[in-house]
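Undergrad: Which chain is which? The protein sequence lines are A and B, in order.
The first sequence: position 321 = 320 (numbering that gives the first Met the number 0), numbered continuously.
The second sequence: position 5 = 4 (numbering that gives the first Met the number 0), numbered continuously.
Since the hints were made in silico from the structure, they are not lab data.
Computed from a predicted model, the values in this text were never measured in an experiment.
Each computed DSS-like pair below joins lysine-lysine, with the alpha-carbon atoms no more than 27 Å apart:
| hint | chain 1 | residue 1 | chain 2 | residue 2 |
| --- | --- | --- | --- | --- |
| 1 | A | K262 | B | K155 |
| 2 | B | K153 | A | K233 |
| 3 | A | K262 | B | K153 |
| 4 | A | K187 | B | K155 |
Residues from chain B shown here face chain A by an in silico Cβ test under 7 Å; the list is partial:
| hint | residue |
| --- | --- |
| 5 | L152 |
| 6 | K155 |
| 7 | P166 |
| 8 | L167 |
| 9 | D168 |
| 10 | V169 |
| 11 | G229 |
| 12 | R231 |
| 13 | G232 |
| 14 | R233 |
Where a beta carbon is used, it is the ideal one built from N, C-alpha and C, also for glycine.
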Amino acid sequence: MSTLVVLGLSHRTAPLQIRERFAVPEGALAETADRARAVGCQESFVLSTCNRVELYATVDSEPVADRLPEVLAHGPVGQAAPHLYLHRGEDAIRHLFRVAASLDSMVVGEPQILGQMKTAFDLCRSSGLTGPALNRAVERAFAVAKRVRTETGIGRNVVSISSVAVDLARQIFGRLEGRTALLVGAGKMGELAARHLRGAGVESLLVANRSLDRAVALATALDGHPRELEELPKLLTEADIVITSTGARHHLIDRSMMARALKARKYRPIFLIDIAVPRNVDPAVDGLDNVFVYDVDDLQAIADTNLEQRRREAEAAEALVATEAHRFVRDLAGQAVTPVIQAMRRKAEAIKVGELERAAARLAGLDAAQQKAVERLADGLVNKLLHDAMVGLKQSAAAGDAEVVRAARVLFGLSEDDENE
Amino acid sequence: MELLFAIGAGAYGATTAAYLADLFTNRNALAQAARTLLTVTLLFWAGLLAVFAVRAGAEGGVRFWLCISGWSLCALYWMLLRRYPLAALGSFVTALATMLALLALFVVQPAEVSDTVRSWLLRIHIGLAFVGITAFAFATGASLLYLAQSRSLKAKQKGLLQRRLPPLDVLDRLAYRGILVGFPFYTLALLLGSAQAVKSGETGVHLTYVLAVISWVIYGVVLQARITAGWRGRRAAILTSAGLITALVVVMQYSLGMAR
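Chain A extracted, bound-state conformation:
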């Protein structure tokens, strides 16, 4: 009876320099999984992201599992050994379900891991490296991940500053398509936020900087339009979202400038994201109606609150995953023991029929009713002898005890052919 195992390392167990040594490029995932087959695994698939490298496989003996580290390390494991983890049976299933549900991710609840896992799995499956056991387990992991996402709020709130800014922009403007954003300054954080807004659908991006050359370079990189910083009062009438990230020691946007711009824009709402330190937007600007100013602390506070909410939701998700993993293992064990029970019953039935045929001549003197009674006696003996054994087998299988199933095969003299009949 084969067992599912997972061998790997992740952001929880290994630093980046170890993880990058083990990282497997997408093009080599199937090749690595194939090497696992070469050392004796029946089925295998490899998952490699920036936060984890894992090999999922089915093995039928411990020596095979012991050789998995060298498969993942492309040779001797060396000093990386303490960073590796190996889970078997139900623990491996639970780990698989947790990873798919993003409970083991660096940012709990992030949605990318499921997509990465699907890609890796599809690659290995299309190469013929997976089989019924892994297919069933991974498909169930995807279903559990979907349940976790819909039944808990684990993915409800965004947790990075840029994502929080996009989320707030959507809360103000709804769809961002057709909106104009203005990036003031050429700071890295500002650039990142602008990229995020662009990705979220912002149609037009204006880039204003003290140095026009730098504005032109950044605008080219972001597919935007460069502007002089002196145009700022006019630009405030055009843009819906403004990101400020200059190194200026004073406020670039004060209340009177904003009030004038607001009147010119007919009081259409404007969202100011001030990620500069010291701040580029006078806090008094936030007192104006239809102007929403968020500085870096405001955004960080929301991100922290969201993260805390995700952690709380993760507790409910953990319980769901544990229940699902246990149920899956129990179902799997039940399926595995069925052929053994069927073979036991067929063998006992054959013995009974054989013995009755052998005794037929000696029982010839009995009338039909007496012969029927003998047959019923034989049936009763077979059923009662098998009953306890079958119940015990089912219970042991449900508890994940594969040894009892092995013992039943030995005690009843069952071969693989018997089970496949």
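Since the structure of chain A is provided, determine the placement of chain B on it from the hints.
TA: What follows is chain B alone, placed relative to chain A:
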């Protein structure tokens, strides 16, 4: 019939309670229950109004229009719910429908409708006025939610309400469209009302007429300020609410007058 109206008003009340519970607890099951309750209530009222229209005919008068206004308001909301996350507006809309249903139930007695209601001019006047007020009620609801969302965004903390409300831009457009649609109906209603007053030889200035003109002026100012100066937010919400309250006072006075 009275019992059925009472049940209908109770159904609106129960829906309001469900929406309020949903607003403050944010439980999916409650949101679903409130929506189901709203659907059932709308179907119940649709049947009730059909029967009432057939049985009462022209005698339905103000009572019929009060009920149809509440029902249209909820039906419009029900349709918008399919497109926008407007669950937070549910308690406002259904509470207003409850109020209109109670007004129809306790204030207006169909058997006592005066002869003036039989005038076709007056019937059209009443119909147009109620369509206008229904649209204004929706605009007020959207304006109040705009204020709530705006305050929530200013508070810099993502609270329960902020997550339940649609974006500011959507609320702004709903409020604007509500007034844009309601204003022509209300204007026509006022013109026909004046014509009816002249036709029936009424003299003197009634408080009802004054209030009706005040509410019309308020909505006219909101619309004008919105188009020319871009008024939105707090000032627009306050004026829109003031306009609705004045218009509702007119409705109440009118209903009482009809019942005399």
